[in-house]
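All chains, please: the whole structure from these sequences, using the hints.
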Amino acid sequence: MLQRFNVKSIHLTPWESSLVGLILITLIIGKLFSENFLTSSNLGTSISSTVGIAFMIIPMTWLIIAGEIDLSVASIYGLTSVVLAYSLEKGLSFWPSLLISLVVAGLAGYINGVLVVNLKLPSLVVTIGTLGLFRGIAYILLEYRSFSDFPTSFTDFAQNSFGNSPFAYTSLPCLIAILISGIYLSRGLIGRRVYAIGSSQTVSLFSAIRINRIRVGLFIFSGLVSGVAGILFAGYTNSSRANNGAGLELSIVAIVLIGGISMYGGKGSFFGVLLAFILVTSMTSLMNLFYVSSSIQYTLVGSLMISSVAVPKIFSKKF
Amino acid sequence: MPNIKNQSTALDSWRKLTLRLPSLPLVVVCIFLFIGFSLKSDRFLTTSSISQLLISASIIAIVGVGEAFVLISRNIDVSIGSIVGFSAYFTAHIAAQNHRIPLPVVVLIGVFIGMILGSVNGLIVSKLEIPSIMVTLGTLYVFRGVDSMIVGSNEVTAQFLSKSFSRISNWTFLGLPGMFFYAVVICIFGWAVLEHTFSGRALAALGSNALAAKKLGIKSTKLVFMVYLISGGLAGFAGVLWAAHYGTVNSTTGFGFELVVLAAVVVGGVSVNGGSGSIAGVFFGSLILGTISVGLALVNVSQFWVQAIQGAAIIIAISLEVIFKNRQGSGRKSNASTV
Chain A
0 MLQRFNVKSI
10 HLTPWESSLV
20 GLILITLIIG
30 KLFSENFLTS
40 SNLGTSISST
50 VGIAFMIIPM
60 TWLIIAGEID
70 LSVASIYGLT
80 SVVLAYSLEK
90 GLSFWPSLLI
100 SLVVAGLAGY
110 INGVLVVNLK
120 LPSLVVTIGT
130 LGLFRGIAYI
140 LLEYRSFSDF
150 PTSFTDFAQN
160 SFGNSPFAYT
170 SLPCLIAILI
180 SGIYLSRGLI
190 GRRVYAIGSS
200 QTVSLFSAIR
210 INRIRVGLFI
220 FSGLVSGVAG
230 ILFAGYTNSS
240 RANNGAGLEL
250 SIVAIVLIGG
260 ISMYGGKGSF
270 FGVLLAFILV
280 TSMTSLMNLF
290 YVSSSIQYTL
300 VGSLMISSVA
310 VPKIFSKKF
Chain B
0 MPNIKNQSTA
10 LDSWRKLTLR
20 LPSLPLVVVC
30 IFLFIGFSLK
40 SDRFLTTSSI
50 SQLLISASII
60 AIVGVGEAFV
70 LISRNIDVSI
80 GSIVGFSAYF
90 TAHIAAQNHR
100 IPLPVVVLIG
110 VFIGMILGSV
120 NGLIVSKLEI
130 PSIMVTLGTL
140 YVFRGVDSMI
150 VGSNEVTAQF
160 LSKSFSRISN
170 WTFLGLPGMF
180 FYAVVICIFG
190 WAVLEHTFSG
200 RALAALGSNA
210 LAAKKLGIKS
220 TKLVFMVYLI
230 SGGLAGFAGV
240 LWAAHYGTVN
250 STTGFGFELV
260 VLAAVVVGGV
270 SVNGGSGSIA
280 GVFFGSLILG
290 TISVGLALVN
300 VSQFWVQAIQ
310 GAAIIIAISL
320 EVIFKNRQGS
330 GRKSNASTV
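Protein chains in written order, with numbering that gives the first Met the number 0: chain A, 0 to 318; chain B, 0 to 338.
Hints are supplied without guarantee of correctness; some may be wrong.
Said to hold, decoys possible - Pair by pair, the computed Cβ-Cβ distance ranges are: (1) A/L91 / B/N299: 52 to 60 Å; (2) A/I182 / B/I149: 15 to 23 Å; (3) B/F172 / A/L91: 54 to 62 Å; (4) B/V183 / A/T201: 39 to 47 Å; (5) B/I322 / A/L37: 35 to 43 Å; (6) A/I189 / B/S12: 49 to 57 Å; (7) B/V183 / A/I189: 52 to 60 Å; (8) A/F314 / B/L107: 34 to 42 Å.
Everything labelled a hint here was simulated from the structure, so no lab data went into it.
None of these values were measured; they are calculated from a predicted model.
All residues carry an ideal CB built from backbone N, CA and C; glycine is no exception.
The following block contains the structure:
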């Protein structure tokens, strides 16, 4: 069992090696041009500000492998933090509010799931619709107000780190979630079934896989995880606004695709997604140090995403 | 029991009517919205509100025709909001810099900008056969990013624009706003292309069954590219109208507009699975979305509801499509496309 995790047995695919190469280039550029890049304080900022993204790439990877997509994740992220704020505003104590907001997040995912699976609608259009719907509900609840009256124990948990280390408290559950999901996706029962569903739904159906149950489950999972990420972000910045996380779906989908997950489903490894996450995070962090505006960052992430799907196509066509 | 029989014949004749006129339910929804809003607010049935309504519906419809073409070819274009914003800023900027530049040139520049951006989408989607959502989701941010990189925090406001520039959109004829006539002309063109040209029918064939269409010798690459070119060009034109009508444009112009347009198009009955849809539907879908946005403001519902309603409209529309299709069997798809 142990020898499976032997270093020698890890061999990277060409895609993963090129991601490692890009990460190294980014780190070297960062080291050369900025004194503050490879420091523990910058690492700490990067980790605690990207915990949410690290959480959300997990369900998105699973969904895209299963041949679906969820573009409403950023809206669920915003809606959950707003529901938490709204319930606290209405005088509920913290734990019931947390429960309510997580239920809302799960329900939001369930709505996506039912529409996609039971009504057999394309997940792309459904989740564009719910992207508007959930964000709209967030605006209805909180309008342009910002809520920051969270209990300090919660914001402390979301903001502080272990001792003087750069690792935030929130990074521990995140790391555990990533490890479990990574191993479970490649070796676990449901993980293999998700791959099977993504390769061929018909074959999976005839192989006695309960595809509908798994697909609805994936959407609920996606909603819940986005909700957790949204709540942690609200705690980290100590503010809930209706536009929390607007546009985040681009980064999430981009990281998953840059990680080499096939956009047609059924192919790709979670390890590649992790590498892509490290790549995008270190690039973003570097650009933040140079005060590069967010519009340029979005442009870069968008073009990286397009090229990550275009480059393999160009090579496979052999011009 | 005669009562039930009567009901069922009424239902049957309604079904027959909707088979012949698939846009009829949309017209009924429009009429209901009109009645509802005019009962709730006495400011709704005034010329200024109606022309405001027609203007916002017209911009949606102009972009919607392009989006309908894209959806019928079984693709999607979510980058149109960014294209509208891009073209709106640059045409306004050019018009503000140089007051003597002739208007048709300004309009052409806007359309041209849209077509260039659309052809970027089209090239990647059609040549590399990459799922259109991945491409246009990327370009949604790339176009917007490039736009705000160039524009920065600049803003063109109405005071810099010549009077003649705003005349592109702010003329009236028979009491109706000029925008409405642009939309009508574009819808008629779109309808004619979709229903009465070889390319239009080939597009629907491609959307319903790409493999079969290719075996029939339909050049899918060229068609898909053209579809994005048209969609981009129309979004560019809408950008010019946007700039001319609203006068104030900056790097956030048109942000989130793709949601409205998609809502109007799917409410108009264009299938999200490709292959079917009518331009008349798009027209009435845009009218419904325009009516909702203007009407809600008049009955003092906060603007915050608008986005939620647009999202809900998409979901309700695509769900209804599936429910009706299941009920009517497979015959509907071919019927819906023949208006």
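These are the hints, each one checked on the structure:
1. Separation of A/L91 from B/N299 is about 29 Å and departs from the stated range, judged on CB atoms against 52 to 60 Å.
2. The supplied range of 15 to 23 Å is broken by A/I182 and B/I149, whose beta-carbon atoms lie about 46 Å from each other.
3. A beta carbon spacing of about 57 Å between B/F172 and A/L91 agrees with the range 54 to 62 Å that was offered as a hint.
4. Between B/V183 and A/T201, the C-beta spacing of about 46 Å keeps the proposed range 39 to 47 Å intact.
5. Our hint of 35 to 43 Å for B/I322 and A/L37 is violated, since their Cβ atoms are close to 57 Å apart.
6. A/I189 and B/S12 have their C-beta atoms about 51 Å apart, which keeps the hinted 49 to 57 Å range intact.
7. Remark: the range hint 52 to 60 Å for B/V183 to A/I189 is upheld by a beta-carbon distance near 54 Å.
8. The hint said 34 to 42 Å for the Cβ distance between A/F314 and B/L107, and at roughly 38 Å that hint holds.
Going through the hint list in order, the structure does not satisfy hints 1, 2, 5.
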